[in-house]
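S.K.: Following the hints, position chain B against chain A.
Number of protein chains: 2
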Amino acid sequence: MKKKTILVTGVAGMIGSELLTRLIKNNKNFIIGIDNFTLGKKSNIKEYFKQKNFIFFNIDLSKKIQNKKLSKLLKKKKLDEIWHLAANSDIKSGILNSEIDYKNTFMTTYYILNFIKKNLKYKSKIIFTSSSAVFGDVKKMINENMPALYSCSNYGSMKLASEAMLSSFSYLNNVKSFIFRLPNVVGEKLTHGVIFDLSNKIKNKKRKYLQVLGNGKQRKPYSHGSEIVDCMLYVKNHMHKSFVNYYNIGNNDKGVEVNKIVELLVEKFNYKKKIKFEKKNSGWKGDVPKYSYSTKKINQLGYKFSLSSLDAIKKTISELEK
Amino acid sequence: MKKKTILVTGVAGMIGSELLTRLIKNNKNFIIGIDNFTLGKKSNIKEYFKQKNFIFFNIDLSKKIQNKKLSKLLKKKKLDEIWHLAANSDIKSGILNSEIDYKNTFMTTYYILNFIKKNLKYKSKIIFTSSSAVFGDVKKMINENMPALYSCSNYGSMKLASEAMLSSFSYLNNVKSFIFRLPNVVGEKLTHGVIFDLSNKIKNKKRKYLQVLGNGKQRKPYSHGSEIVDCMLYVKNHMHKSFVNYYNIGNNDKGVEVNKIVELLVEKFNYKKKIKFEKKNSGWKGDVPKYSYSTKKINQLGYKFSLSSLDAIKKTISELEK
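Chains A and B, in that order, give the protein sequences.
Position 267 of the first sequence, counting from 1, maps to 267 under the working numbering, and the rest follow consecutively.
Position 261 of the second sequence, counting from 1, maps to 1261 under the working numbering, and the rest follow consecutively.
Bound-form chain A, shown alone (with noise of 0.2 Å):
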């Protein structure tokens, strides 16, 4: 195997560095990790920062970056893979206020894309992680030659508005890119999303009742982070025929009610106190209630997830007892 040069943005996130334990795995990859420790936690990663192929930067990529030393660094080395994952990855948050969105999903694009434009090589290839939420609430299975026009997130729209800033950037750059459009993703380095909040709440021994958003009909596939990396890098690996390739990831599964998920919350950490649902249909505004995914693109190329969404959450709930 040649060696490898891998930038990887959002490195500290769930995703980041799930990914970062896999790749640093080969001895002849060099990994420059970058974040801010906004969502990631440099307890995700620290047991990397002695090893020799691994270098860290705290970098606040919503900004111009101005880091010496990284740009040092670059001068010296061509990228081979840009895995640009920093991004808001709480819907919610972005819905109460729009900057969250455009400055942590959309800038960073911007700016780690401009920042590493000179240091691209001619095979060079990145990696997106994008989301069913760039389609919105379109009320039938998901696949990739639908349409992206109604996301009703900031989330969503940011998420869109970077893949189109890469698709330009990939064919006026000549470099492939990969959008992966991930669907709920959980796992045990969660930060957000409806097993985290409601696992919080029922740990909360104030808490009077475990108030649930939305009717608890909300039903979406989820995938454990670790099959996202896996899917990602399998695709990654096999396939890139146009300048931009979009896949959507994850299970064709129907999903999981977040009814299910509350049962087996209270079930596994023997909750008894009462249950309070909301009338609507969706957990706030902007959120899609339910989605489902067709996965027929990359299960033709090889790949099939082996999890369940509903095995995914039962995986994530054992991990978030230890």
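Treat the hints as calculated values from the structure; they're not laboratory data.
Computed from a prediction, not measured in an experiment: that's the story for all the values here.
One or more hints might be untrue.
Here are the in silico distance ranges between beta carbons for each label pair [as the list claims (entries may be wrong)]:
hint	chain 1	residue 1	chain 2	residue 2	range
1	B	N1067	A	E47	50 to 58 Å
2	A	R207	B	N1114	31 to 39 Å
3	A	N114	B	K1123	36 to 44 Å
4	A	F196	B	K1118	27 to 35 Å
5	A	K72	B	Y1234	53 to 61 Å
6	B	N1145	A	Q300	17 to 25 Å
7	B	K1075	A	T21	49 to 57 Å
8	A	K72	B	T1191	39 to 47 Å
9	B	E1099	A	H238	19 to 27 Å
10	B	N1097	A	E267	35 to 43 Å
11	A	E319	B	H1192	36 to 44 Å
12	A	N114	B	R1207	52 to 60 Å
13	A	N97	B	N1145	29 to 37 Å
Straight-line distance between alpha carbons at most 25 Å, and here's what the computed SDA-like set of lysine to any residue pairs gives [unchecked claim]:
hint	chain 1	residue 1	chain 2	residue 2
14	A	K123	B	E1321
15	B	K1201	B	T1021
16	A	K241	B	K1201
17	B	K1208	B	S1226
Glycine is no exception: its CB is placed at the ideal position from the N, C-alpha and C atoms.
M.R.: Below, chain B alone, put in the same frame as chain A:
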């Protein structure tokens, strides 16, 4: 008819000034115009400066809006319509410098939306001029249900990024919006594009020959600015189904080859020098050399363009002659 307060950004541009001419005729309309004369021209709108139902602000919308007079005015008025036309319109310039489309298309959208947020009415409408360039070089007839996945210019990607932002903004703020994906627009107030470039080269007596970009076989649909404005006004008044409504507007004919445009200009200006073509099939990297539009959606609403692409070209050439 009711009194309407209408904000038009990019009011001094080719389309903005054409729109202003229509809107201002109705005395009950009060029009707030914004431009910073980057591409727009004072001469396009100065005849209206003294009219009582028009107020003009020279503001660069690519920066945070801090105009006290405008803020004060908007405290009194609730906006019925916002026509956000301010944008870069010169695709080629944005290929050389990616900051142009980022600032003049994306950031103007970001700042104007954030600025008007408090001054919307329940029935406000937002109109945005997007482009066929969001699709990239798709090599088949473009309709509204095709996914916009392969933008190959910064112009196209920042238009798509703005569409995305407008989608979630409309949903979260309960306003209807219209996204009009324009074809190549021509007219007497041109500031760039093939007719503008070639006629300037022809008029420049120092040039020893006429250099055409590309091999001359690029073929695109063209519409005249006046018809584009007609069509947008028609559609806005006749349909608003979703929170965000997408329309291809323009002709659905096979377009006109650059060769034909050269022929018409040479004839009109009685040009006698040599004409040189390039070997490449597009005018520049990021140019989409051929595309065609399905306009079924506007036709079904009852609107049909009266000028063909060739008519629009001929009309523009006559106007330029004056």
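S.K.: State for each hint whether it applies.
M.R.: Going through the hints against the structure:
no. : hint                         : result
1   : B:N1067 - A:E47: 50 to 58 Å  : 53 Å, holds
2   : A:R207 - B:N1114: 31 to 39 Å : 36 Å, holds
3   : A:N114 - B:K1123: 36 to 44 Å : 40 Å, holds
4   : A:F196 - B:K1118: 27 to 35 Å : 33 Å, holds
5   : A:K72 - B:Y1234: 53 to 61 Å  : 58 Å, holds
6   : B:N1145 - A:Q300: 17 to 25 Å : 23 Å, holds
7   : B:K1075 - A:T21: 49 to 57 Å  : 54 Å, holds
8   : A:K72 - B:T1191: 39 to 47 Å  : 42 Å, holds
9   : B:E1099 - A:H238: 19 to 27 Å : 36 Å, violated
10  : B:N1097 - A:E267: 35 to 43 Å : 59 Å, violated
11  : A:E319 - B:H1192: 36 to 44 Å : 57 Å, violated
12  : A:N114 - B:R1207: 52 to 60 Å : 35 Å, violated
13  : A:N97 - B:N1145: 29 to 37 Å  : 33 Å, holds
14  : A:K123 - B:E1321             : 49 Å, violated
15  : B:K1201 - B:T1021            : 31 Å, violated
16  : A:K241 - B:K1201             : 40 Å, violated
17  : B:K1208 - B:S1226            : 35 Å, violated
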